[in-house]
Amino acid sequence: MTGELASVPALEMRGITKRYPGVVANDHIDLDVRRGEIHALLGENGAGKTTLMNILYGLARPNEGEILLDGKTVQIADPSDAISRGISMVHQHFMLVPVLSVAENVVLGAETMARGPFLDRREASKRIAALAAQFGFELDPDARVGSLSVGQQQRVEILKALYRDAQILVLDEPTAVLTPQETDEIFVLLRRLADDGRSIIFISHKLYEVLAIADRITVIRRGRVIGDRKPGETTEAELAELMVGREVELTVDRGASHVGGPMLHVEGLRVTDERKHEIVPGVSLDIRAGEILGIAGVAGNGQDELIEALIGLRKPSGGKVSLDGRDITGCSPRDMNRAGVGYVPGDRHRFGLILSFPVYDNLILTSYYREPYSHGPLRDGAAVAESADAQVARFDIRVPSSNVATSTLSGGNQQKVIVAREFERPLKLLILDQPTRGLDVGSIEFIHKQIIAKRDAGTAVLLVSAELDEVMEISDRIAVIYRGRIVAELDGRTADKSAVGLLMATGGEANPAEEATA
Amino acid sequence: MSAPAGTAGSGFSLRDWGSSLFWTLAESVTAILLAVVVGGIGITLFSGFLPNNHPAFDVGLPFAAYGALWSGAVGSINGIGSTLSYATPLALAGLGVGLGFKAGLFNIGGRGQFLMGSVGAMAVVTVMGPSQNGLITVPLALIVGGLFGAFAGFIPGALKATSGAHEVVTTIMLNYIFVFATYWAISGPLRLPNSPQAITADASAWGAALPTIHIPEVDILGLHLFGADVLGRDAHYGILLAVLALPVIWFLLFRTTLGFEIRAAGANSDAARYAGMKTKQLVVLTMSMAGGLCGLAGATTLLGVVHQMAPGYDTTIGFDAITVALVGRSNPVGIGLAALLFGGMRAGAQTMQISPGVPGELVDALQMFILLFLVINILRRWMAKRPTGGSALTTGAEVAPLAAEVSK
Numbered sequence: 006m007t008g009e010l011a012s013v014p015a016l017e018m019r020g021i022t023k024r025y026p027g028v029v030a031n032d033h034i035d036l037d038v039r040r041g042e043i044h045a046l047l048g049e050n051g052a053g054k055t056t057l058m059n060i061l062y063g064l065a066r067p068n069e070g071e072i073l074l075d076g077k078t079v080q081i082a083d084p085s086d087a088i089s090r091g092i093s094m095v096h097q098h099f100m101l102v103p104v105l106s107v108a109e110n111v112v113l114g115a116e117t118m119a120r121g122p123f124l125d126r127r128e129a130s131k132r133i134a135a136l137a138a139q140f141g142f143e144l145d146p147d148a149r150v151g152s153l154s155v156g157q158q159q160r161v162e163i164l165k166a167l168y169r170d171a172q173i174l175v176l177d178e179p180t181a182v183l184t185p186q187e188t189d190e191i192f193v194l195l196r197r198l199a200d201d202g203r204s205i206i207f208i209s210h211k212l213y214e215v216l217a218i219a220d221r222i223t224v225i226r227r228g229r230v231i232g233d234r235k236p237g238e239t240t241e242a243e244l245a246e247l248m249v250g251r252e253v254e255l256t257v258d259r260g261a262s263h264v265g266g267p268m269l270h271v272e273g274l275r276v277t278d279e280r281k282h283e284i285v286p287g288v289s290l291d292i293r294a295g296e297i298l299g300i301a302g303v304a305g306n307g308q309d310e311l312i313e314a315l316i317g318l319r320k321p322s323g324g325k326v327s328l329d330g331r332d333i334t335g336c337s338p339r340d341m342n343r344a345g346v347g348y349v350p351g352d353r354h355r356f357g358l359i360l361s362f363p364v365y366d367n368l369i370l371t372s373y374y375r376e377p378y379s380h381g382p383l384r385d386g387a388a389v390a391e392s393a394d395a396q397v398a399r400f401d402i403r404v405p406s407s408n409v410a411t412s413t414l415s416g417g418n419q420q421k422v423i424v425a426r427e428f429e430r431p432l433k434l435l436i437l438d439q440p441t442r443g444l445d446v447g448s449i450e451f452i453h454k455q456i457i458a459k460r461d462a463g464t465a466v467l468l469v470s471a472e473l474d475e476v477m478e479i480s481d482r483i484a485v486i487y488r489g490r491i492v493a494e495l496d497g498r499t500a501d502k503s504a505v506g507l508l509m510a511t512g513g514e515a516n517p518a519e520e521a522t523a
Numbered sequence: 012m013s014a015p016a017g018t019a020g021s022g023f024s025l026r027d028w029g030s031s032l033f034w035t036l037a038e039s040v041t042a043i044l045l046a047v048v049v050g051g052i053g054i055t056l057f058s059g060f061l062p063n064n065h066p067a068f069d070v071g072l073p074f075a076a077y078g079a080l081w082s083g084a085v086g087s088i089n090g091i092g093s094t095l096s097y098a099t100p101l102a103l104a105g106l107g108v109g110l111g112f113k114a115g116l117f118n119i120g121g122r123g124q125f126l127m128g129s130v131g132a133m134a135v136v137t138v139m140g141p142s143q144n145g146l147i148t149v150p151l152a153l154i155v156g157g158l159f160g161a162f163a164g165f166i167p168g169a170l171k172a173t174s175g176a177h178e179v180v181t182t183i184m185l186n187y188i189f190v191f192a193t194y195w196a197i198s199g200p201l202r203l204p205n206s207p208q209a210i211t212a213d214a215s216a217w218g219a220a221l222p223t224i225h226i227p228e229v230d231i232l233g234l235h236l237f238g239a240d241v242l243g244r245d246a247h248y249g250i251l252l253a254v255l256a257l258p259v260i261w262f263l264l265f266r267t268t269l270g271f272e273i274r275a276a277g278a279n280s281d282a283a284r285y286a287g288m289k290t291k292q293l294v295v296l297t298m299s300m301a302g303g304l305c306g307l308a309g310a311t312t313l314l315g316v317v318h319q320m321a322p323g324y325d326t327t328i329g330f331d332a333i334t335v336a337l338v339g340r341s342n343p344v345g346i347g348l349a350a351l352l353f354g355g356m357r358a359g360a361q362t363m364q365i366s367p368g369v370p371g372e373l374v375d376a377l378q379m380f381i382l383l384f385l386v387i388n389i390l391r392r393w394m395a396k397r398p399t400g401g402s403a404l405t406t407g408a409e410v411a412p413l414a415a416e417v418s419k
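Heads up: the protein sequence lines correspond to chains A and B, in order. Numbering follows the working numbering, in which position 161 of the first sequence is assigned residue number 166; successive positions increment by one, without gaps. Numbering follows the working numbering, in which position 335 of the second sequence is assigned residue number 346; successive positions increment by one, without gaps.
Mixed in with the good hints there might be a few duds.
Below, a list of computed lysine to aspartate or glutamate pairs in the DMTMM-like style, where the Cα atoms sit at most 25 Å apart [to be verified]:
#	chain 1	residue 1	chain 2	residue 2
1	B	Lys289	A	Asp385
2	A	Lys235	A	Asp385
3	B	Lys291	A	Asp309
In case anyone wonders, no lab produced these hints; they're calculated from the structure. From a predicted model like this one, the values you see are computed outputs, not experimental measurements.
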């Protein structure tokens with residue numbers, strides 16, 4: 006890609022093998038990364054990408070194999086050793102101190118000792134400003150990190166790596182938390198870093214991203230390298246097949262929807278947050294039976310509050326919600342559940358599951374109080390176990406038995422537990438908040454098919470997702486939310502992605518009503 | 012993603028529930044054994060300073076001391092009865108604390124709840140007067156004592172539900188309030204009429220004591236059975252209350268929908284709330300039940316052992332119960348076993364102090380070491396479980412998962 010392709014790779018990992026009890030996480034993995042190259046590491050969750058990177062970063066020791074930097078064998082003892090050798094890692098979850106400034110976060114752990122024990126803030130700020138200018142970061146060194154957006158925080162993490170003069174930069178799923186615009190911006194930035202002669206290892210399971218940014222793609226499956234591709238010579242379909250090991254439907258055929266009568270009717274719904282700010286100043290929407298309405302919007306535009314009001318966790322401050330002709334405004338979550346509302350929360354670990362509980366208890370978490378799981382005040386353990394076994398089989402949840410702790414399941418199987426729980430009963434309204442966040446293509450395919458099936462059974466589906474692609478792929482209609490208002494409604498089959506993206510970012514004021522069809 | 016245990020393809024690790032239960036039990040047993048070893052080393056080191064003219068660094072002394080502790084606790088019928096008697100309030104209050112742990116609540120208010128339980132029981136005895144029918148007043152006094160304790164637990168529960176005030180802070184502060192409320196009650200409304208001192212009636216003298224477990228002399232089919240205190244002189248009928256409470260709380264936790272809700276709210280209150288459980292009501296209810304159990308501990312101790320309250324009436328049960336709940340992993344079965352262990356140590360302490368002459372305070376030291384080793388392990392697990400890459404921006408309520416870890 007750049008002119009600086011040296012003959013010796015900047016990084017070479019040879020025959021890396023890492024065994025954990027009962028598992029071979031990395032099985033003789035070979036990887037070489039050249040200077041000035043963006044090298045994508047593609048694989049499903051649990052394929053061994055993170056283990057490999059942990060070995061590179063000194064967080065884990067390989068059982069076999071060697072690591073070469075610029076052709077020389079090295080032993081990486083721990084992360085600080087890795088950093089001193091020019092290897093830096095940007096984790097999926099940022100390691101920043103929110104109350105400190107950008108500059109303070111960047112120098113933390115790498116303070117210059119020119120003034121003895123005192124931090125030379127001015128010098129640090131100057132160096133950081135220079136670095137930021139060189140690579141076109143738009144960051145104020147004196148801004149408090151807690152006040153920055155997620156995308157800006159990520160740039161602080163990258164700046165941290167550059168401040169430590171990282172030559173090899175590992176990014177673990179950097180786009181998982183970003184909006185489409187922020188993703189584009191980070192790609193531009195990564196390319197600049199590569200052009201500067203640095204090597205970038207980009208971990209992802211998103212095919213289109215990898216094709217868009219990488220110079221080379223290494224696909225890992227079950228701890229082994231399955232293939233090495235260049236973006237120009239491969240397709241999403243081939244990469245998906247390499248990754249999963251079988252042919253995958255990347256876009257589930259949403260089929261024709263058979264729309265029935267009106268099911269959910271929301272009129273002028275107003276919701277305020279804890280600080281009495283009106284986050285949703287008035288939303289009106291209708292979903293008919295057998296129809297998927299996708300809500301597209303940048304995170305933080307009132308989606309969470311809207312959902313919380315619809316599932317009964319937040320009392321609306323105004324407006325009306327009715328389901329199948331019945332007024333359900335301000336009902337409790339339990340009453341919503343009884344009325345036939347199913348809900349798949351966005352943060353499954355925090356809101357959707359009790360990780361320390363066995364799988365069978367999570368499968369009845371929202372219906373434990375009902376027959377046959379309970380008779381009056383008493384639980385029926387046999388009925389719970391019996392139903393759990395049926396659900397595990399029906400939704401293909403991969404567990405040795407339903408009494409293992411839910412925390413031991415992979416992300417995809419955990420999400421299947423929630424999907425099984427909510428989809429199992431007849432529903433009038435199904436609310437999905439980022440139902441496939443962080444999942445691999447195989448699980449996404451499965452969950453999308455289940456959603457379509459539920460729609461075809463006559464359920465009204467409300468899909469909220471920050472993944473615009475997901476909204477575009479399975480929605481019959483798309484509503485764009487901006488600052489707590491629905492600013493446009495489009496047909497899901499004909500909507501144009503960049504137009505929706507623009508509406509998400511601007512609310513459509515710059516581009517009035519051009520796209521607004523029913 | 013791609014945690015080492017989440018293997019490709021299978022998607023789970025082989026650690027199942029049975030083995031994790033085994034390991035948590037093993038943790039308690041390890042802590043106990045370590046404490047015994049450290050305690051033994053301590054006895055040897057200090058043997059030269061003990062009153063009974065032991066040689067310095069007497070390696071045999073720990074064995075003699077533990078032997079005496081053992082025989083004092085279970086070596087005789089009287090010892091066994093004494094062990095059970097000591098274990099009773101520990102089990103009841105241990106259940107009170109353990110129930111809180113299961114619900115994700117740190118109930119540090121056992122002391123105040125115990126005292127309120129004693130005051131409630133004494134109030135009934137005082138109202139019923141010098142000549143009362145124990146068959147009526149004792150059950151009544153136990154119920155009222157339990158209710159007083161429940162009220163003492165209700166207050167921090169309600170404060171947490173309405174204002175979010177943390178129960179650790181409120182229960183500790185309420186302990187002081189209840190200590191002085193008890194003192195006021197003894198010198199005021201519960202004072203023995205016409206007594207020159209601030210002292211309550213003697214429940215035993217007024218016919219309202221929990222009697223010693225005693226089988227009368229009987230002849231069955233020509234077989235003459237001696238009337239006897241079957242479990243020795245110290246074993247009172249209050250023991251039965253603990254024996255009853257353990258399976259009742261176990262049943263509540265694991266066989267009822269309410270117990271499911273309590274455990275769910277304790278393990279992940281956000282998920283419980285999203286699943287439609289009324290988590291605030293659960294907090295109030297659980298704290299009230301926990302207080303009630305600690306109150307029962309106070310009522311049985313008063314009616315079965317102490318019989319009378321004087322200024323300075325106080326207890327360490329509230330804190331001992333925390334150790335019991337931790338060693339018992341908040342599980343009623345474990346709490347029962349832990350209560351027997353600590354009850355036995357208390358019962359054996361006197362024997363040990365008399366015969367090899369090792370001070371009874373050794374028992375306190377052992378208890379502290381057990382707690383120390385357990386807490387080290389719990390913290391270690393908690394730290395290991397925290398997401399290493401956890402966003403620094405979400406470091407708000409890191410204590411809640413710790414409470415959940417404690418309840419395992």
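Structure-based check of each hint:
Simply put, Lys289 (chain B) and Asp385 (chain A) have alpha-carbon atoms about 21 Å apart, close enough for the 25 Å limit, and the pair holds. For the hint pairing Lys235 (chain A) with Asp385 (chain A), the CA-to-CA distance comes to about 56 Å; that exceeds 25 Å, so the pair is violated. The hinted pair formed by Lys291 (chain B) and Asp309 (chain A) meets the criterion: a straight-line CA distance of about 22 Å does not exceed 25 Å.
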